[in-house]
Structure formats: C-alpha cells, structure tokens
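J.: Single-letter residue listing:
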Amino acid sequence: MTAYLIRTIDLTATGREIVRERSIETDALTIGRAAENDLHLADLAVEQHHAVIEPAQGGHLRAHALGTLGFAHDGRVVGEASFNSQEGAELGFGSYRLTFSQDSDGLVTITQRQEAAAEDTTGSGEGFALAHALPSKRAMSWALLSAILLAFLAVPIFSHLTRERVEPDYKADGQVTMDAAWSTGKLSLAHHGLEDNCEACHVDAFVAVRDETCLACHKEVQDHALVSRQNTGRGPLPIGEQMQWAVATTFGKEGPGACTTCHSEHEGATRMPPPAQAFCAECHSGMDARLTDTKLGNASDFGDDHPEFQAMIWTERGQREPHRVSLSKKPREFHGLAFPHDTHLDPMGGVARMAASLGPRWGYGEELVCKDCHVLERDGASFKPVEMEQACEGCHSLVYDKVGPTFRTLRHGDVAQMLADLRAMDRAPRAPVVSGRARPGQFAKGRLYFSDFGRPGGSLVAINRAMAKGGVCGDCHTPTTRDGKPDVVPVNLPQQFFVHANFDHEAHEEEKCSTCHAADKSKSSSDLLIPGIAICRDCHLGEDAKKAEVPSPCAMCHTYHPIPPGKPRKDHPKVHDATLPVRFAPEKCRMGDPTPC
Amino acid sequence: MALRPKRDFEFHDTRRDTDHESFLTHDGYRWLKIAGIASFALALAYVLIDPQPRHNGGTWYGYTLGTIGAGLIVWLSLLGVRKRYMTAARWSLKAWTSAHVYLGLALVVIGTLHTGFQLGWNVHTLAWALMLLVIASGIYGISVYATLPSALSNNRREMTRAQMVEALQAIDRQLEAAAQPLRQADSDMVLSALGQDVFAANAWQRLAGKYPRCATRRAIHSFAHVGDDDAYERVRALLGRRLAQLDQIRRQMRLKALLEVWLFIHIPATIALIAALTAHIVSVFYYWG
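If you're matching them up, the sequences are chains A and B in order. Each residue of the first sequence is one higher than the one before, counting from 1 in our numbering. Each residue of the second sequence is one higher than the one before, counting from 1 in our numbering.
No lab work stands behind these hints, which were simulated from the structure alone. Incorrect hints may appear among the rest.
[Said to hold, decoys possible] Simulated pairs of lysine-lysine, DSS-like, Cα-Cα distance not exceeding 27 Å:
#	chain 1	residue 1	chain 2	residue 2
1	B	Lys83	A	Lys330
2	A	Lys137	B	Lys33
3	B	Lys210	A	Lys137
4	A	Lys469	B	Lys94
[Unchecked claim] Counterexamples of contact, computed for chain A against chain B with all Cβ distances above 12 Å:
#	residue
5	Gln48
6	Glu126
7	Thr294
8	Gly318
All C-beta atoms, glycine included, are put in the ideal place defined by N, C-alpha and C.
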C-alpha cells in the first residue's frame, strides 16, 4: 500500500485558489473521468478509465494508460512512464496537470490543477461582426492602393525613365515594363509591330507624340503644302479650338498641322481609318478668300461643295505638255489617234463580226468589248497602257509581204524602220533594167534566182500611201513631217486623267463601263469620255450624307501627302505618271518607269 | 405641445421633420433632381456632339467628362472625412449623404460616357470597373439598410448579443457535465462540438449561413442511434438546444455580414479606385498622343 496526498487546486472566477487536500492509500491509483476513480478528472478529453499508477522497483512510480489514449509525461505524450517521485514529475491528462513530489517521510504528494481554457471570443459581442472574419478595411485599402500604384504607375515610369535610348525598331520589343496596361486600345494594323514597344512613339514623359517620331520611319512623307501656306489657308481658328490648342500645346502638342491631329491611333486593330472630311474642310472650305492665289476650287463636302473635275489632257495639236481643264468647259481631246469608239463597239458592225470570226482562240467574244483593249492593272485601280500590238493589230494588220508560209510585218512605232522596210521590199513591182528580154531558166521572173534590179518606184508609192489617210499608218495616226521626213504626231494617251484624285476601277466592278463612259455613242476620238462629278454624285455624296448610297469623305479619292516621284503605290493615285508625255513606244514605256520615252 | 410657445413650434416642427426624413428623400429629392438633370444633359450633349474621329476620353468633351468625373470621385470619397463632423443646415451630414448617393449614381453615366465605350484590359478600364464596383456596392448597401435591420431585430427575439452568447455558454456547461459518463468515442464528439468556436466562421460561411462541418450537428447525427440510457438522452437534448442556439447566432451573424459586407467592398474599392484613377490620369499624360 502506498500513501498519496492529493492536493486539488481550483480557481474561483476571480482567480483566487481553493486548495483541498485528501489522503489515499492504495496499490493502484486510478485516474479517469469516471467518478469511481481515485483521481476524478472532469474533462471530456480524459477517458473514463484513463490510467493507473503503481509503485515500481527502486522507489519509482509507474504510470500506464488503460485505454487507447496516452498522457503527457513532462510534456511528452506516452502510453507508459516510470519516474522517481522524489525527483518530481508532471503528468498531463486533458486539461489537468498532476505534479508529483515526495517529502522526507516518503509521502507522495500529487498536486492536481486544471489549466485555464484558452480565452475565447464568446464573452463579448464582437464575434458577431463581419470584421471578425475579414482583414480590416484599412489594411485591404492600403494593400490595394500599393499594389495598383506599384504595378500600374511606379514600375512603368521607373522602367521608362531608366531605359536605354535606342533607335525605334518596328520588329523589336520595348524595354518598358507593364506599360501595356496603359494602352488605350489596339494599334492599327500598319503599326501592329509597335504594339509592345510603346516608347518607340511615346519617347519623352508628358510630351505628346511628335512629328519627328513619325518621320523617323515615314521618311518619304512630305508636307501637304508649305506650312506658311497651310496656315494662311486655314485662317484663324474658332475660339473653342484656340482654347483647346492652348491646352494641348502646353502638353507638347505641335499644333493643327501635326501628324496626330488627323491620324488617331489606338482605335482598334483595323486599317487606320481615313482622316475625317472636317480636317480637309478646315482649310479647303472657302479657301480662295484666304489663299487668294490658289488655283484650287473650294471644297468642303463632296455632295455640296466640290468643283467640277479637271482632267489633265492634251487638247491641241503640237501641244508639248498636258494641262488641266475643267470638264464643265466640255473640252475636246487631241491625243493624236483617230479612233471612233462607236464603230468599234457597235454589236451589229463589221468590227463585231471581225471579233466573232477571230473568236475565243484570240480572246474575243461575239463582239468587241472594252476589256479587249483596256486591260486592268494588277492593282485593279487603273488600266495598262493600250498597246497597239495587243489591242489593235489583231485586225489592223501591219503585214506587207509573204515569203512562203511566213508573213513579214512592219515594225510599229518606228517610222524610219517602216520606211526602210517598205523601200527594201524586193518583191515590189519594179521597172526592168532591160526591157523586152526575159531572163533564162531559174533566173526568169517567178523562178528561184529571179532578181529585180530596177528602181523601187512602186515602193515609194506604197510609202506615200501608208502615211496618207486610209493608209496603213494614216488610218489611225495623224501624219506630219519632221525634219523634211514623213512622220506621225506623237500619241498622248493619259494614263491618269485626274492629277489630284484617285479612282479605283476595281471598287466599281459591279457597274458597266458604259454607266460612266459613253464610249458606245462616241463618234470621234476627240470626245473626252471621262465622267463629270454629276455621275459620281449618283452614288457618292459627302461624308455625313444620309441619302447617299456611299457616304464619301475626301480621303476616299484624295491623298493628303504628296507621293515622291517614281513611287506609285496601290493606295495612292499615280499622279506623276499622268504628267509625263506618253509617246507610243511600248517597249520603252512601262508602268512605274518615270523616265519619258 | 399645447404648452409650447408658438414661436418654438415651427423650429421643433422643422427639426422633427428632419429627424424623420431619410437621406434618400432629403429636401424633396433635391439631389436626385440635380443628379438626374445633370446626367440627362451630359448624355444629351454626348449624342449631339460629334467629335473626330469618334467619342473617347481624349476628345474635348471626353476631357470635360473626365474632369467632372474625377472631381466627383474625389468629392464623394471625402464623405469618409466629412461624416466625422456633424453640422446642421444645408450642408448637414444628411444633405451631404443625399448628394453622395445621387451624385454617385450620376457617376455611372458620366464615367461611362467618358470611356466612349472603348473598354479593354488596361488600367483605364480598371478604374472604370472599380468605379462601377464602388457604386454597385453602395447601391447594395442602401438596399440592405432598407430591408435587413427588421430581419435582424426579428431574429434577436428580445435577446441581446451577449445574452445569446451566455445562453450558448450555459448549454455548453451543462453539456460538459452531462457528457461525463459517456464513452470516450462519444465524449470526443461532444468535445469537438464544444471546441468549435461559433465565431471562428469565415466570411463566406457567415454570408452563406452554411456550416457543413458543424460538429454539433454531426454529434446529433452520431448520437441518434447509440445509447438509450439517461446520460445519452440528456446529452442528445442538450445538443439539440445547442444547435438551436447556434442557429440563432449564425442567423444573426449572417444578417450582420450581409449588412456589413458592402462596406468591406465600398471602402477598399474606393481607395483602389483612387489609386487606379491616379494611374489612369498620370499614364494618359505621361504617354500622351
């Protein structure tokens, strides 16, 4: 039998200790939640019969668990423990702590104490508030504030200021980090390569995109007109716009003539939209009052305020350069050729029969049609020059001789060569050198070795006939003499009639040619078959027109920036080609070759 | 009333009216009218003005709308400062709150027109989205303040919050005593029920009012078919009472969470909006077109 002194320490609500002592003499000291235990621990974490303590050898005490749950021995959870109570030990069961000690007369004292439960929040009403389960509003605010300012402001600005300045490169990525979040929208397709290279255009902080930046790549772009003339033409701005520009120039905008005034970016990944009509009308509306020496008519809206077209044509024989004439003056064209369109297009006429007899093998249909002579360029907008060999020679043959199965043909476009060929036409009838005697054998006329040594008098007649009206040349060409020799006047067929505007034939392919060009009624080649503005206005009216089938801003036909010479482009009119005198020498004249031929 | 001097009557009558007037109806819907007219006028101008090439934040009208919008956002966010100082008369806190609500609603029109409906994945649209979030949370806040307090009051059943907690604690004490004779596996169930702090619920649980891991409910289920002696019967009854008390507390927490959650969005989103707005304005002028 071992004697134990059990000292139970309880705490009152105010924290005062109540100590009770009792003695037990037993061999096996039982511990558990059940009331019959020697040490009754009222804690649901303690088993009904949790453990037993028995004396062991050497004055030790041995504690071992009865159930599956262990207990803590000096802080470590064990199922069995042996200890010397003289040295002291602490056993833990649930929230209870049993401290062992032994006094000099061998009495084992067990101090039983319940640890205070962790302070919970149930005592106050605070737990009801949502704030109990969420971070504070202040903390969330600070976190969001810092994250946004860091990611969307500090990082891009820092990397922009510390970047290495390099030449803008369309294909390269930018160095500035996180500035994609600053983009207000996708760039136009032409600028797509710069999508991730903001600083290529936005070079300096708080300075608007400058013209010099655009011109770094667009090197060929030229001014619309002298800047001084532009400013005169524009005239004083309205008060409202003046105020806007006053603000804009403070932030580095360059003024009304800058690139970005007309060209807005970040409007979506489409083709860059053409600048609005208002930008053109700003100057061209009533411009003659401000720019008094201008030759241009006022224009502010295609439907309401636009002058009649002016065609760049030759109107006089001997004229060296073409000039622009308003269609309202009903000008007659002189291009040096005789070509009645109505004869060629008459479906019941001889030309139609000829075309039908040549047939599909030669590319003809039942009659002659426009495209048999006028072939679209690959760009679809304009036409190739009419080539005699392609367009005319199918019917208007230049064959002048036949040797065996082979035909001999005059060379078109070279009068001197033509004369030489006809003179040398050795089969032409000539006067015999000696009359009254036939040459013998194979040397006789019509035999293999026949040769005619007489003067080519007949050839000269043929030459004269060729140049005369109705002759092989004079049928189409206007004969003249140059330096005392027979010649034809140069043929001046304009490639482009309108100098300042572009017309895209492909965009009008739904229409018949005759809708605009009255070729089938034209009896004379001096008829100018270019349609006037009235015909265009059947479908096209100004940008804002509600009635029009096709609302048409200025940029539909006109381009703002002059095209550098020799740079014809699909989306720009080939204005410079039209100003060149075109002589008929197709082997020399090719599209895009600006040198006069 | 009859004893009150007549000259006092008008003063008290005005004050009494003011006391009973909601900030929504303040001064005969003065701010609703102002905000409504302003929104309509700005929207009408948006339709009538035709800037080139199109409406967006960068046209003169876009900058005008943007300036008005940014000014409004700053002023609206100052309510947090203003509400700490109570004053009377025209610029009373009630007038200020009324203006806050209606001008805040007008900001939907002003801010959206400022975008020109050009939205994308960028800091500019972030500012717009945060603005809408702030306004939406404000609308939610007003609507729950109109409906939930009565539900909150009904749920209390004449109990204070402290009393609800007291009741739970009383049940818990009885449960602890009653569970003493139980087998260990069963007393573990009771222990886990007692150990589960009702206020440890996270924000989502509070808002949804759903507690699938409720240890008390689990204990009730597990005790449904075990032990039929008095001790188990008592524990079962006590667990039932505990669950009922938990339900009341949880309903109270849910109603309070639904009532309070808008501010946890409204305030941080406002601050985030001010940050995004700053980034928006600075970036636009930093990378000016």
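J.: What are the numbers of the hints that this structure violates, sorted from low to high?
T.: 1, 2, 4, 5, 6
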